[in-house]
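J.: Which chain is which? The protein sequence lines are A and B, in order.
Take the first sequence: its letters are residues 1 to 456, numbered as in the numbering used here.
Take the second sequence: its letters are residues 457 to 940, numbered as in the numbering used here.
These are calculated hints, taken from the structure and not from any lab test.
Relax, there's no trap hidden among the hints.
Pairs of lysine to any residue, SDA-like flavour, derived with a Cα cap of 20 angstroms: (1) A/K261 <-> A/T382; (2) A/K123 <-> B/E531; (3) B/K735 <-> A/T188; (4) A/K141 <-> A/R213; (5) A/K272 <-> B/A638; (6) B/K877 <-> A/T381.
Keep in mind it's a predicted model, so treat the numbers as computed, not measured.
Here's the letter readout for the chains.
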Amino acid sequence: MITEEKAKSLINTALQHGKRKKVDGIEAIVTASDVATSRFANNGMTQNQSPQRISISVRVQKGGKQARLTSDQISPAGIRMLVENAITAASFLEKDTDMLPMAKPEKRAIVRNVNRYDARTAKFTPEQRAAAISAMVKVAKERSLTSAGVFATGSSVEAIGNSEGLFRYHRETSAEVSITMLHVDAKTAIESTGWAKLHSPHVADIDAASLARRAADKAVASANPAEVPPGKYTVILEPPAVLDLLSYLWHDFTGTSHVDKLSAFLNKVGQKLVGDNVNVVDDPFHPMQAGAPFDGEGLQRQMMTLVDHGVIANLVYGRRSATKLGAAPTGHGMPEPSAEGEHPMNIVVAGGNTSLDEMIRSTERGVLLTRVWYVREVDPTTKIVTGMTRDGTFLIENGVITSGIRNFRFNQGLIDMLNNVVALGPPERTAGEEGIPAVIPAMKLNNFNFASVTRF
Amino acid sequence: MQEIAQHALDVAVGLGASYADVRVIEQEFQYLGTKNQTVSRLDLGSSEGVGIRVLFNGGWGFASTQYTTKKAITEATRRAVATAKASATVLARPVQLAPEPAYNAQWVSPYAMDPFTINLETKLAVLLEAARIIRAVKGTTMAQGSMSFIREKKLFVSTFGTNVHQTSIRSSCGIEAHATDAHDRQKRSYPSSFGGQHALAGWELVAQWDLLAHAQRIGEEAVALLTAPPCPQATTSLILEGSQLGLQIHESMGHPSELDRALGQEINFAGASFLTPDKLHSLQYGSSIVNLVADATAPGALGSFGFDDEGVRAQRVFLVKDGKFCGYLSSRDTAQLIGLNRSGGMMRAESWNVAPIIRMTNISLMPGNAGSLDDLIGDTEDGILMATNKSWSIDQLRYNFQFSTEAGWEIKNGKRGRLLKNCSYGGITPVFWNSCDAICGPQQYVDWGVPNCGKGQPMQTMWTGHGASPSRFRNVQVGMAHAG
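Just chain B, with the same shape it has in the complex (with noise of 0.2 angstroms):
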């Protein structure tokens, strides 16, 4: 590996490139699903691929190759060069660097157990044996169950003299119960959606989230769902459980905060920022117990690493501190844009094949003091309490958003009540985020990982993380996703 990338840097110094860096990508990857009991996906496999990022007269190239000869190797530079010359002839501005240490480092991510030798068969057994549970429910009709596990081993080098060797593995399990009738159709999901929890971790994140244990209350909320009264349109009290919430994080303050949408590189397709840099330090985004960090230094959590895909190493840098707006999300070049000192270090690209983009880490919101749900829901005379994402959607800016669970409780008098159907939540996200006012401790905290983030054009879809404690907005708007 070593040889091939400083093969790379050296082909992109004699054609004149005045920066060069290289990864050299290993990925191991199996990706499992059933429905009911048969296995519906079984995707295994692996990929290896070098892609070289060069600067020449300030323009961006970048090429790959998944041949690791150094003709190939250099054939590859030479694509690369020859995108950065193209791209230098229609600039803006020179492509600037933000300062960094050079780095020689190795990095591991945190796993008790090697999914990979773990066999398939006990992989399979156990989404097999939730499907026959649930199944066993009367009134489903149907069961998936998914897992994942990616191995990665990185060399990233660059001729700022970094050298950084990286190892991740990320695991994934989840389940899904649904339940359809001449009229509706129904699903849970455990422990997320979107395929369940995602972390960097080995096999034991399956023991953690004992899928059979859930089996067969997910199975009974579906059927139970199909009668359940719907969620009704109103001004209300919200809970949020800690995934939903999680991506509530990621939709509007995840994206919001990334600098090269707020400083217009990504209009064209993902979308702009409400949040200018004029707004920096001045804007009350939310609440005064609102502290939004983003942190890829975070033990196992989904958007952890060592260094990220420019080099720049892992770091934990506030994104709202006590409501108020203080930080982005930035590379090595839009940090200079803004007078930044030093990236933040959120720039990283889905594979070898595509270049880096800035991407959230683990955008977190810090626990508060509200103590467990229990309390909250007892602190909290009407409302209504959602858990799990359905449906998901909001604006090019981030202000104006619509989240649907897969299930929602009525909340009377401190206490959980009626199990409601089609639940829905809106509102704009400045507001929303001002409406906080109670915030669950750190015994409920969860570093949830969100795995299908999508950016970029080519889209490249991004493993993220947000850790989450359940809390409560006052005020919203809910119930409006089915009127009209």
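Next up, chain A with everything else stripped away, as it sits in the complex (with noise of 0.2 angstroms):
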């Protein structure tokens, strides 16, 4: 993996030659990934991947006009003639009238580094992930089910330099697994499906077997579907569900949405729209949160309550919805010139104290669901999203598991989801398929929208 000294060079050789070539502000951003994937389907491994990847990217700023290019070719003279192309692409460009110059160094006492490196997940082997998917499938094959699942482990870099004389680093590692399990009723020939997925900077966090038995369970108490109508239900919402729902709401926070007036809180920040009971803070410094602690232009991500007991308390901005709205940069900027223009990377959404088995205790008649599924906003004024439920959805009655039922697709507006939170789990490192990995509880819903249900 690409060290800080080894980042350095490379940037200071692109920031040296754009000063030669008499630039009026130049940056590069050094991205290097190193993260194997193993695959298993059917129980047995289908694919198995060591990619290596170290990427330059340079911003080059002269006459009002700015380029970025990119390229995998790092070697000294590529990453002069990156520089030259850079400059050239910028001539032929319209003066960006918007365009702030380079971000400047920031004071000693803001910056602050985070350590998410592991020296054991880096180095986990090709053996070593053979050996745990070994310990997966033989849960699978001791309970008569079928195992699919990836293990991945590995290190990123990234690295951002400016002619300010900014410059940020930041490596971590990264473990992720996933498991689904397959049962097929001996009686019936009907399948039903039990899904898990962990996610940490530390392999060590991964105990697959236990992974592989919470799937397996799953998949299991879950046999012979039933079918249930769709309607208005209480649901409760494993965190992955809650995470890959509520990451359609997050660009809403963002300047740039509200520059382009496309946000759901539109002229409402500061107001109260959902429930008291909900609490949301984008927190790069959290024990349990992963990522570069600097934003797209090398600025310190910084903490920024966006849910306050209910009321939408602040925005994220990068140094150009800043600008146009008045604010100060939050560190939340993706890599200028950005149509995105920032992004809350870092969510944790605050918890309470009600375990999942007294969200069921308390439940007369509701769903529990494992995860969501191809999950797409419908509405971008209401919020509503639609999508599938899958791998474990389960009817509960009278404060227990009656049964698994037939996944249902849901239409369902996350604010008014928010309004009708009635319980909420400890918040755990969740890891889901449709949002970046976050900090989120379980949750217990009133009026959750089932619009139909499908055929298993």
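Dock chain to chain to rebuild the complex, using the hints, since each chain is given by itself in its own frame.
T.: Shown next as structure tokens:
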């Protein structure tokens, strides 16, 4: 993996060449990835990849214009050519009247790094991943199930420097395991599935066999799913389901979505729109968070309160949207230029003390969701999203799970949903398949709208 | 390129691999975006690297490197073999590959004007002028535009003796008009959503789709949608224009016909398929006028190529013939699992940095005999015409789908009526396709490009094509997305 010294050397090659070419400003971003992924299905390994990549992206400013070029050519000659091509590209552009000069280095008191690197995770071998997958397959075979999933480990680097003297470097590791267990009922031949997933900077946090047992339990418990009619139900969402639904809300907290008049919170910042028990922060320093502590222009990510007891409290900004809206940048910008502008990357939804078991016990009739799938926005104003339940959907009657049920399609407004939260579980580091992993609690909600049912 | 690739094969064989293939790829790209009168995206650059895939004791391994020295290639090949050895310790069954002749060939995608010879100023001028026209429409709140141009040179070699050079150019262009008021946000896109139209083509694509001629119309439609009546909740006749039908084909025919999904290999993320092998040649997937092909040979269509990423020549195969499910998208290892004597040639990788997986080529609905769109509307007493995708979702077995479109129009007594907003429709895949009773003719047929197909872990994004003419479906549930 690329060291801080090496990253700085690549960046300096670009900055020095830009200086020689008399640009007004230059920025270079180095990204590196060395994440290996072992995939399995039908109780055997199906794919095993070990890709590696280092890229450099250069942004130059000259005469009120700017251009960005990216390349995998990281030799000194390759970087110098990249800078020259960026200068040529910028010369063809119109002046960018909103363009800001490169960000200046921040004061030492503001700069804060985080340690999210684990040497064991970085060096995890194909044999170790295969052994962990063997353990998961063993769980499947012991219970006459079929397993499929992924075990990925590795490291990544982000580094940024510019002609104003700013330089930031961050390296981190990641381990991700997800598993689906397939159960086929011996008498009816009807299939049911269960799913579980973990994501952590530390591979030691992952007990593959335990995760496999969790998915297996769900697959078996949802055998021969019953069909219940669509309608409004009390639902209990496990954290991955909460994450993959609410991920469609976070961009509405960006300054750029307000400049573009697209946010659902347009002219509503400061208003109470959701329930008192909803509190959300974007916290890059949270111990269960991951990612670099600086943004796409190298600014320190700041902790921001987004929802305070139901009130839309703050937006997040990059430098460009902050300037347009008369706000201070919060360190959430994407690399410039960017249509998206910025994004909260370190969401923490405050939880409560209600365990999943307690939520189930207190439910007279409701539905427990393991995960949701193919969530898409239907209405940007009311934040209606559609999607499907998946891999462990259960009917709760009189405080106990009585059966697995066929999966539903939902059409649900997220703002309405957050006005119907009746219980929260303890927050945990959560990974789904739609949004960035975050710190999320389980939720119990009333009046969740299931629109139709599918055939399994 | 050739020497590097051969070196990787030699190292792999020397380390005991029973099979190896190598892709050496050079890519040049331009992604341009505008928002009103500013450049919101300018992502230019290049990417070069080598992907090495090997079989050892029946297990797959893959590694990549961006360095093209012999030392780096040797190291990457060792990594590929090491991962394959690890795979071989946890096998359900050893991988076997369906036979395919060895090829020594070159292939170049068709284009009239190399887009990399057109300067950025000219390209951005089109988008900025479109934005000016859109924003001149009173009530619009934002105009966006995009273009992309990607040139890829790829060498594929394998230990079976195949040696293929391919060069392709992919281009795209599109514009969006947005309108926001206190209660609503609406948009219209042209020629389609997802960045407009995408094709294997050069700069001529931009002239062909004439963004400026449609900028004012989409601006006016976006504003009109703010006050348009909503799509009613009803069961009615539905006409889908071509680009929306293309996405319908993608989600409800393309994905479920992927053989890796049907065999459970993608069940953990992308999902499995209701089109299980026991339904092959027996399921009446659609009505008798429904004929769907996977055609990697369609000139200029986004999902075309000469050879796939495991050296199989591009083919045109039926997936559905006269309504009956009759074929899969397959690879060399999955084909032999269901007794096929040859891969369909659908293995593709997003870049040199990932291994290929089964992907759609151009999954297309053959034109029918219903004439033009106007003819079809004229033949419809009561219904809704829906156009341009806004939202799309389908379950992991590909039964239950729901789509929303940017715009819709009432059809009454054979005439297009009022503009409708918040249009949606949904159903169950085989029920829906069996309700298809009219398909417009070849004069309305367009190979629509879908550039953003996600699949695999880690997820890969693939470019696919979908030829379609506007078509009619009876007794479809509409207007459910905003209900409740």
